[in-house]
Amino acid sequence: MMKVFLTDVIVGAFAIDLNGNVIHKVVAPNDINKLVERVLKIEDDQPTDEFLRLLDELVSNYGKDLEVVVDNENYVKYLSDVGLKAVLEHGSEVLLRFREELPKHFVELGFIKSEGEYYEFLHTISLTITRSKLRRVAQKRDLLAVQAIRAIDDIDKVFNLFASRLREWYSIHFPELDDLVKEHIDYARIVAELGSRDYINEKGLKRLGFSEGKINKIINISGKSMGAELSGHDVEPIQTLANIMLELDRLRDELTSYLSSVMKEVAPNTTELVGPLLGARLLSLAGSLETLAKLPASTIQVLGAEKALFRALRTGGKPPKHGVIFQYPEIHKAPRWQRGKIARSLSTKLAIAIKADYFTGRFIADRLRTDLEERINEIKTLYAKPPVKVEKVKGRKPRRK
Amino acid sequence: MAEVVRVYGHSTYKDVYVVELEDGSTRLATRNLVVGKRVYDEWLFKFNDVEYREWNAYRSKLAAALLKGIKELAITSGSKVLYLGAGSGTTASHVSDIVGLEGRVYAVEFAPRVMRELLSVAESRKNLIPILADARFPQRYRYLVGYSDVIYADVAQPDQASLVLLNAKHFLKEGGYLYLAIKARSIDVTKEPDEVYRREIDTLKKGYFDILDVIHLDPFDKDHAMVYARYVK
Numbered sequence: 001m002m003k004v005f006l007t008d009v010i011v012g013a014f015a016i017d018l019n020g021n022v023i024h025k026v027v028a029p030n031d032i033n034k035l036v037e038r039v040l041k042i043e044d045d046q047p048t049d050e051f052l053r054l055l056d057e058l059v060s061n062y063g064k065d066l067e068v069v070v071d072n073e074n075y076v077k078y079l080s081d082v083g084l085k086a087v088l089e090h091g092s093e094v095l096l097r098f099r100e101e102l103p104k105h106f107v108e109l110g111f112i113k114s115e116g117e118y119y120e121f122l123h124t125i126s127l128t129i130t131r132s133k134l135r136r137v138a139q140k141r142d143l144l145a146v147q148a149i150r151a152i153d154d155i156d157k158v159f160n161l162f163a164s165r166l167r168e169w170y171s172i173h174f175p176e177l178d179d180l181v182k183e184h185i186d187y188a189r190i191v192a193e194l195g196s197r198d199y200i201n202e203k204g205l206k207r208l209g210f211s212e213g214k215i216n217k218i219i220n221i222s223g224k225s226m227g228a229e230l231s232g233h234d235v236e237p238i239q240t241l242a243n244i245m246l247e248l249d250r251l252r253d254e255l256t257s258y259l260s261s262v263m264k265e266v267a268p269n270t271t272e273l274v275g276p277l278l279g280a281r282l283l284s285l286a287g288s289l290e291t292l293a294k295l296p297a298s299t300i301q302v303l304g305a306e307k308a309l310f311r312a313l314r315t316g317g318k319p320p321k322h323g324v325i326f327q328y329p330e331i332h333k334a335p336r337w338q339r340g341k342i343a344r345s346l347s348t349k350l351a352i353a354i355k356a357d358y359f360t361g362r363f364i365a366d367r368l369r370t371d372l373e374e375r376i377n378e379i380k381t382l383y384a385k386p387p388v389k390v391e392k393v394k395g396r397k398p399r400r401k
Numbered sequence: 001m002a003e004v005v006r007v008y009g010h011s012t013y014k015d016v017y018v019v020e021l022e023d024g025s026t027r028l029a030t031r032n033l034v035v036g037k038r039v040y041d042e043w044l045f046k047f048n049d050v051e052y053r054e055w056n057a058y059r060s061k062l063a064a065a066l067l068k069g070i071k072e073l074a075i076t077s078g079s080k081v082l083y084l085g086a087g088s089g090t091t092a093s094h095v096s097d098i099v100g101l102e103g104r105v106y107a108v109e110f111a112p113r114v115m116r117e118l119l120s121v122a123e124s125r126k127n128l129i130p131i132l133a134d135a136r137f138p139q140r141y142r143y144l145v146g147y148s149d150v151i152y153a154d155v156a157q158p159d160q161a162s163l164v165l166l167n168a169k170h171f172l173k174e175g176g177y178l179y180l181a182i183k184a185r186s187i188d189v190t191k192e193p194d195e196v197y198r199r200e201i202d203t204l205k206k207g208y209f210d211i212l213d214v215i216h217l218d219p220f221d222k223d224h225a226m227v228y229a230r231y232v233k
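Here the protein sequences come in this chain order: A and B. In terms of this note's numbering, the first sequence has 183 at position 183, counting the first letter as 1, and numbering is strictly consecutive. In terms of this note's numbering, the second sequence has 163 at position 163, counting the first letter as 1, and numbering is strictly consecutive.
Errors might be hidden in some of the hints.
Some residues of chain A that are not near chain B, with every Cβ distance over 10 Å (derived) [unchecked claim]:
#: 1; residue: Met2
#: 2; residue: Lys34
#: 3; residue: Asp71
#: 4; residue: Gly110
#: 5; residue: Glu168
#: 6; residue: Ala192
#: 7; residue: Asp198
#: 8; residue: Gly204
#: 9; residue: Gly232
#: 10; residue: Leu313
#: 11; residue: Pro387
#: 12; residue: Val388
If the Cβ cut is set under 8 Å, some of the chain A residues that face chain B in the computed set are [to be verified]:
#: 13; residue: Glu43
#: 14; residue: Arg99
#: 15; residue: Glu100
#: 16; residue: Val137
Rather than coming from a laboratory, the hints here were simulated on the basis of the structure. Predicted model only: the values in this text are computed from it and were never measured. Just so it is clear, CB atoms sit at the ideal spot from N, CA and C, and this is done for glycine as well.
With the hints as constraints, model all of the structure from the sequences given.
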């Protein structure tokens, strides 16, 4: 039985005998785009057209009485499809030697003029391949969702920073308002739309949608405020700051609705289960939908609590019950002793949802959701009361090897 | 920037230079392959019409290993180097300087984010071949990479030693060399760094590597070590 070594390289598929001679080859067209497409296929462990043609021609030329050696396990299947016996061998001498001689073959096949050009050719090809792969990554919508959620988090940070500055600044003029209006956005609206204390009246506040009681309180106090009198010239920059905050708030709304449309597209099940914001945060922590889909439920449960988790692992203390999924209302509204159980249950359902999003794309979230709600109700009835505290044994040794 | 007093070849490491500055301090440097071009925020020195790039030991683990006196630098002009975990190309660019146009650097990096930066470094450096791939599957880039003299690995993966063995099997020539940067914290946070190093080194020994030197990289990098080994399959 003849032994044949098969390999697929940039420019084509080759069959080589034990002595390293090329006994058959199928060469790809000399077009850089076509070559790049070929290479991408090789990397995805798919057979190229040239490789499949080589198999057919081998069988018709030499019959099926061949022992074929390949160095990629995924090719074994295609060999048995055409009825050939396949042997898997990593780093076989024959193939390694053949690869060393590639520059010579490239010249013979007319892809380059001299062996010296080989590396230049390789350099050009590898740059083109890498660029096309990067583009493929850039097209992935999940990365857009990751950036959008990070932008939203940035906005929140800036917004809060500005809010405390605004309160401090405007309090020189009207210190009492700080306690009366707790919501940052309402506070910013008053400053931006009405400005100086003198212009804070019933009509204006009503337009901003405050309740009757609140309006009376604000107007009452504004009449006898202890704050300094400010000229329009001094109020103006404060109003500018407040206006930027309103602008930021609008931008946040826009991003949120954009994010929810992207999330529905890339991860419909996850989004249905925990909403677009939390879903995107999980994506952001994992890096991409693919990596998230490959995480176990136990990891998803503590995503975002890495600091606490690794501290616990190092010292042998208690591991965290939840990471970013704490933001799921059923967890943070639940009493403390139920949270861990709900977090565990949610993360298992999430793990299923994310895998469905990434691998099949089928919509199964409604079933997951009813299951989850059922379990949460069960937890709430079974563990309605806090557990009785067991006296801890003092001086417990940390769990360390 | 302080004035350059003189530049001379390093006494132990071929193709690595020492730049002496006016204030008496010295810097490690490599001869810039692409004159006038910076890769990160390193200094460029000109001396006798030759341009050198400062090699910052706080940014590059290989430079740190050299400053800490690792036994040998097997990467010299003309070497073919398989670089696993090239990142944004800081160290890879210096390796590219050292091997020169006769040499080759196959730079494998898995993260698209840093690959964008590595790509722009590779565009101007003809000897640097960027490969966006997972180093755990060498068969996926075997069509690009030829036999290598040296593997330089800085992958910060829990299974890095076995990953290196797999790549060595595919690409490293007999008698070739390995530099492996081990980041103890990436492998197992619960174990002491020395224990992690020992375990990784044991894996290498089982895979036909002769350990020639192990260097701790502090103070440049905390809990890092550089292993220097020879392949004797």
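message = Going through the numbered hints above, which ones does this structure break? Give me the numbers in ascending order.
response = 3 and 10
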